[in-house]
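Each chain is listed here by its residues.
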Amino acid sequence: MSKTVTIVRNVLEANERRAASLKEYFDGNKILCLNLMSSPGAGKTSLLERTLADLKGEFKMAVIEGDLQTDNDARRVAATGAQAVQVNTEGGCHLDSSMIQDAIAVLDMKDLDILFIENVGNLVCPAEFNLGEDHKVSILSVTEGDDKPEKYPLMFHLSSVMLLNKTDLMPYVDFSLEAASAHAKKLNKDIEIFPVACRTQEGLEPWYDWLRKARAGKR
Amino acid sequence: MHELSLIQSMIDIIREERVKHGMERIMRVRVVNGALSGAVSDALSFGWECLTQEGELKGVALEIIDQPLRVACGSCGLEFEPEDKQYMPCPSCEEILGHDIISGKELYIEEIEADVLDDKGGAA
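Quick mapping for you: the protein sequence lines, in order, are chains A and B.
Counting in this note's numbering, the first sequence runs from 625 upward without gaps.
Counting in this note's numbering, the second sequence runs from 76 upward without gaps.
The following block holds chain B by itself, in its conformation from the complex (with noise of 0.2 Å):
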């Protein structure tokens, strides 16, 4: 529903690693979302393209891996990926409470790919 301003964190801290990394042209920028993050793929997609219509970031891809939701049973401890968000019965035990998120919470930049400038100035 917030799609838009994630998508505005995000341009803040590309712009924030550019400078930090120098980097010239960037073309491709990696995302991870996770299952339970809030945050739906097809609408950051089309945040991305809305607000990068224009300016430094016009062109670049965006690239949004799906991170599945891994748990810990909250009883046995075994570590599985469940079918459904809501409902999770342990594969081993059937417990379906109290389990550990592993994974699935996340929403962050992994890597951007960019034409990076040497210590000389020039691109590397």
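So here's chain A without its partners, still in its complex pose (with noise of 0.2 Å):
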């Protein structure tokens, strides 16, 4: 005779308790933990590599790079005297927990203020996955199209900031801020926008305000 067992079990759960548990270890140590996405190429290691070295002489901050292969982010991260290390996922499409609880395992965490995740270039898939981080942050670039969020909307409604960078290549490109902004905040009426050039510098001091402000929330 068949039986029919009620179940209910959350298929992220393993991944759902991890987190859980990187979150409390981040609180208890008091360390501003930020979860970087964005697609290929839209700036997640430059934007790292400018705050990094302007911000150096007011917090210490390490660095988890994901990707697929090669060490080349955590070699461009560490030359501004970071520490940063990095996770290949070897064809996973996104970091999780267990690869975080690896990391920082061989982080020195001591005294700690900012740990970045820039997690695997990927607008769909890391979205999904709770890395115990206070913050979710995107990465849109201006090359890639204004209408980002309304394709790929988890990313951007999860987010608590959104960075739109490469705004120096504005005059070449058909990109409006204005309705890259609207499209976001559709999803997220409570994101907060920053229009930055990483290679030009322009438009850092208010995403490093908002640092600022995130890290002192964790005090």
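Heads up, none of these hints are tricks.
Using C-beta positions, here's what the derived DEER-type ranges look like: (1) A:D726 / B:L153: 41 to 47 Å; (2) A:A638 / B:K133: 21 to 27 Å; (3) B:K160 / A:T824: 33 to 39 Å; (4) B:P143 / A:A638: 25 to 31 Å.
Calculated from the structure, these hints are not laboratory results.
These figures come from a predicted structure and were not determined experimentally.
By construction, the Cβ of each residue, glycine as well, lies at the ideal position given by its N, Cα and C atoms.
Got two chains here, each in a separate frame; can you build the complex from them with the hints?
As structure tokens, then:
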């Protein structure tokens, strides 16, 4: 005789459990943890290079770099003097909490102020996996088109901040800051939007102020 | 995009439940997939087919229940099922922002149908 057994278990429960214990760890150690997400080439690493260099006198920061292959990004970030550890997903489309647990085991977390997690370049999957972060931050570059928040809603829905990068290229592309902002606000009315150009270092100060405020909130 | 790894997580859960409930042969697994879960039902079915080609779950049916998106209006509180996942005007007050999601984000195993051993160790 067969019998139906009620289960009701979340398929992602293992990840959620690990994410909750990471969150507890970050809170307990007063570390601000940010999960940076974007498509490949939007400028996550460039933003980190600038941020790490400009704020290194203010905060102790470390970076977890997620990529399918290579340690190119970890080397770029480490050149600023910040600690960096590379996680290779070997084809995986996102980082999960177990990878973050392994990565923080090799980082020196003592007195750390801010931990940046640079997720795998992908506008879809990374948004579905919590990593115990305080905030998700999405980066959209103006060369990608202003309809991306509308096309990839989950990431922008869950992000506290959207950085619109490469604004120095605005004269050459049909990108409307207003349209991109409106699409993002439609999904998430509280999202903070900062237009920046990492290459020319324009517009970064409001982002740094946001970081300072978020960091102060963890003390 | 990562439905295969979701199926792997499901199989891990099913293995645990099988031991816990003393299940013999498993006939059917029912999964609830919300419209905003990010997992595509067709891709889940395909992933299930791939990962149950052999072994203990060979031939087990995966039943996927698609759970529609349901929200509560951010302004007037009316509960409704938006037709469009991106643009969701409230049918009552037309507010488009700040809705709370009531259901549609979930992805969970709801039930497993199986032959279950009774206390004496025989099939019940």
